[in-house]
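Okay, here's what each chain looks like letter by letter:
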Amino acid sequence: MFMAFSIKKWRVGMLLLPILVFLCSFFIIPLVGLLLHSITDPKFGMQNFAQLLATTTYAKVLYNTFLVSILVTSISLLLGFPLAWCITLVPKGWGRILLNIILLSMWTSLLARTYSWLVLLQSSGVINKILMALGIIDQPIEMVHNMTGVIIGMSYIMIPFIVLPLQACMSAIDPMVLQAASICGASAKTIFFRVFLPLCKPGLFSGGLMVFVMSLGYYITPALLGGVNDMMLPEFIIEQVQNFLNWGMASASAVVLVIITMAMFYVYLKVQTDSPVSSNTGA
Amino acid sequence: MLLSHNSLGWKLKYSLYVTSGAIAAFLVLPIIFIVFLSFGSSQWLIFPPPAWTLKWYIQFFNNPEWIDAAITSLEVACLTSIIATLIAMPASFALVRGRFKGRDYLYSFFTLPMMIPVVIIAVALYSVFLTLGLTGTMFAFVVSHIIVALPFAIISIINSLRLFDKSIEDAAVICGASRLQAIFKVTFPLIKPGIVSGALFAFLASWDEVVISVMMASPDLQTLPVKMWSTLRQDLTPVIAVASTALIILSLFIMIIASFVRKQSNRH
Amino acid sequence: MRKLLKGALIASICSVGAMQCYAQDSITFVSWGGSTQDAQKQAWAIPFSNKTGIKVIQDGPTNYGKLKAMVESGNVQWDVVDVEADFAYRAAAEGLLEPLDFSVINKSKIDPRFVSKYGIGSFYFSFVLAYNKSKIHGAQPTNWNALFDTKDYPGKRALYKWPSPGVLELALLADGVKPKDLYPLDLDRAFKKLDTIKKDIVWWGSGAQSQQLLASGEVSLGQFWNGRIFALQSDGMPVGISWNQNLVMADFLVIPKGAKNKNAAMKFLAYSSSPQGQADFASLTAYAPINEDSPALMEKGLTTYLPTHYSKEQVSLNYKYWAKHGEEIAKRWNAWLLK
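Protein sequences, first through last, are from chains A, B and C. Following the working numbering, the numbering of the first sequence begins with 1185 at its first residue and continues without gaps. Following the working numbering, the numbering of the second sequence begins with 28 at its first residue and continues without gaps. Following the working numbering, the numbering of the third sequence begins with 504 at its first residue and continues without gaps.
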């Protein structure tokens, strides 16, 4: 049945043409041109990769990058979920206000929000001052210029990227399905974990994917709120590109990042039974 | 029951409200704080400031560069968002509806621009645009921003297309509509939230983009984040807070109008 | 479609070409933005344009990646660029710069530390020890040792983030190395010294950030650019400074290889390095003139804020050494940071 209605091959080609032409001419060609530096700069060979792997520095940088990305993704999923749920539950009034708050925070310049966090979090900052005045702490807590700062700042920025797709997903769920489970005698807990959460999976996946991948290449927030001891890859690359004009090394480290991410993606696709692009009702 | 306001147990309901209220407060906190900072007299962002002042507002409105940069940003972001969505829509359809091998891999290929650290994309594109003599043009800005924005549009639209129950569209076709008619009349309205959030994300990806924009900028064409970034690094000044406050007020204004319009249309 | 695109491309390339023909009487000057570039515009660009009729277009901020991309592509849009001294030497070694024409630029009065075949000083400045007075109890810190004395001077320390001249040198000086024995740098010794305060360091990456850290009391003391401290003091902040063993660093002006308005750029450099040009810039920023005739042209009261006034206490950073060994030092540096 659905075979008959799915798009024919040549039409698929037509639909994919614009994006393929665009990405190939403005993305792949320039990118390959630059990434070739990794094996040609300063001379042809694998010396850049050898250099990267020779010290623990690069491994540490990669480790930081993935650690931060995983933490930020988990935290923003955890914080985004109740928000999306609430917005779906009460679409008017309270939910509308929540949605507007999210839109407002997205609208506000990223740079300004990051700076605002800096002033809030620093040890002479507002949060520490309040906590000290209340007598909760005696010594200011170090919440910025380290990984804590990066994680707070980035999770904050990423929450909307979870909420919007998740909310779209939740509002597409038929409440009757949950009702049916309840009538069949399932407890609230069972319904939540066995019915509700699985139905939210597409939204959680697309939001989580966006946040995770975005975090890998994020520069601004770590640069402003982070310390140097937990340097992430983008900053390492910028140092190579800007200060040392070492494009070979910069490209090599980007290539390694892409390969690792692709490998993770591949494993995910293999482990995952349903494809991230197949429709829920179709296949 | 978990999605119905009335049948949700009161315990669960209130704990959900309290949690989301707290998270919302977390989201609002820095924004409110920006407004305060914009009135503080301390150039060094000391808080609470020694005095309150309007001098940063005067500086902001007396410097046409800020306004110009904001307008350029708006133009670039709108163009980026529209074009990225237009390119992403057919591609998403093809991926979700098409039955061909390697769709998963194509999908991951489309998210590639998100994965590559922007500085690499920035240098690569800049080199190409230099050879073509296109640096410092609107074209260069928009093209480079579309590349970063595309994955956002694709992921959001695919998400909503996957959720869309295709049998509704099929039903319309069975009832005599052409496939195209069915798509435009039935499918689009139903997946609109996904398209809108995709367009919104694409807009934001452009609106907040710094690293590529710094490369693409020229003396007479720069975006707001470029102006902010170079100002932040050189002279910390609350004028940045003023610029953000102006935008916050503008968006609050738009939201209030939108809700007013909604109320009006509900009445009829 | 393809033809159309090609046509459009050719048309745009031609129009760029045409623009270049008109652009003969202008140069593009690139610096770091903010008040420094404003001062460069006031002190150099405006009087230079008035004198020669050559228009100076301001661009920025300086971006080394962009500079390299321009030279590699052959479409160089910048004519004069303000860069850090060690970068000026490194870029010259990479073949990214035009040699300067010293028949146009008079270097007889330029401090020899600040001129090379490929670059001439823009201004020079010092890394100084500065502190927030409200955070210091007891004696005021007088030398780099204070940074490593966490008992008498508790609190965080601000140091410059990039692996470039400054931090390692001050660690060695604090460890008792004599200024004349600094180079070649004893990296092991420097990192060992820095290890003692590693957890107390807050790294700053831009001038504005360093000011914010010190003014807000986030750090008690640290290593700063003297002009930034001058600005804090003029703003009435309780900030003290010690010029003891101030570390001299400079910005250079360079011309990228293949710059389109090379001759006009040389004339600009001749003006910017002239006694008057240097004196005017120094008066606006409290950074020091590289021309030895300039201090005489400046207001007397101001000179106590300038590094020129503390030349006896100066230690010159060796940027030639850094240009050569920067990358290997950076490797050690990153490894140490991430340890």
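Because the hints were derived from the structure by calculation, they are not lab data. Keep in mind that a hint or two might mislead.
[As the list claims (entries may be wrong)] Mimicking PhoX-like on lysine-lysine, the simulated pairs with C-alpha atoms at most 20 Å apart in a straight line are:
hint: 1; chain 1: C; residue 1: LYS558; chain 2: C; residue 2: LYS763
hint: 2; chain 1: C; residue 1: LYS763; chain 2: A; residue 2: LYS1244
hint: 3; chain 1: A; residue 1: LYS1373; chain 2: B; residue 2: LYS40
On a predicted model such as this, the values are computed, not experimentally measured, just so you know.
Hints and how they fare:
no. : hint                  : verdict
1   : C:LYS558 to C:LYS763  : holds, 14 Å
2   : C:LYS763 to A:LYS1244 : violated, 43 Å
3   : A:LYS1373 to B:LYS40  : holds, 14 Å
Checked against the numbered hints given earlier, this structure breaks only hint 2.
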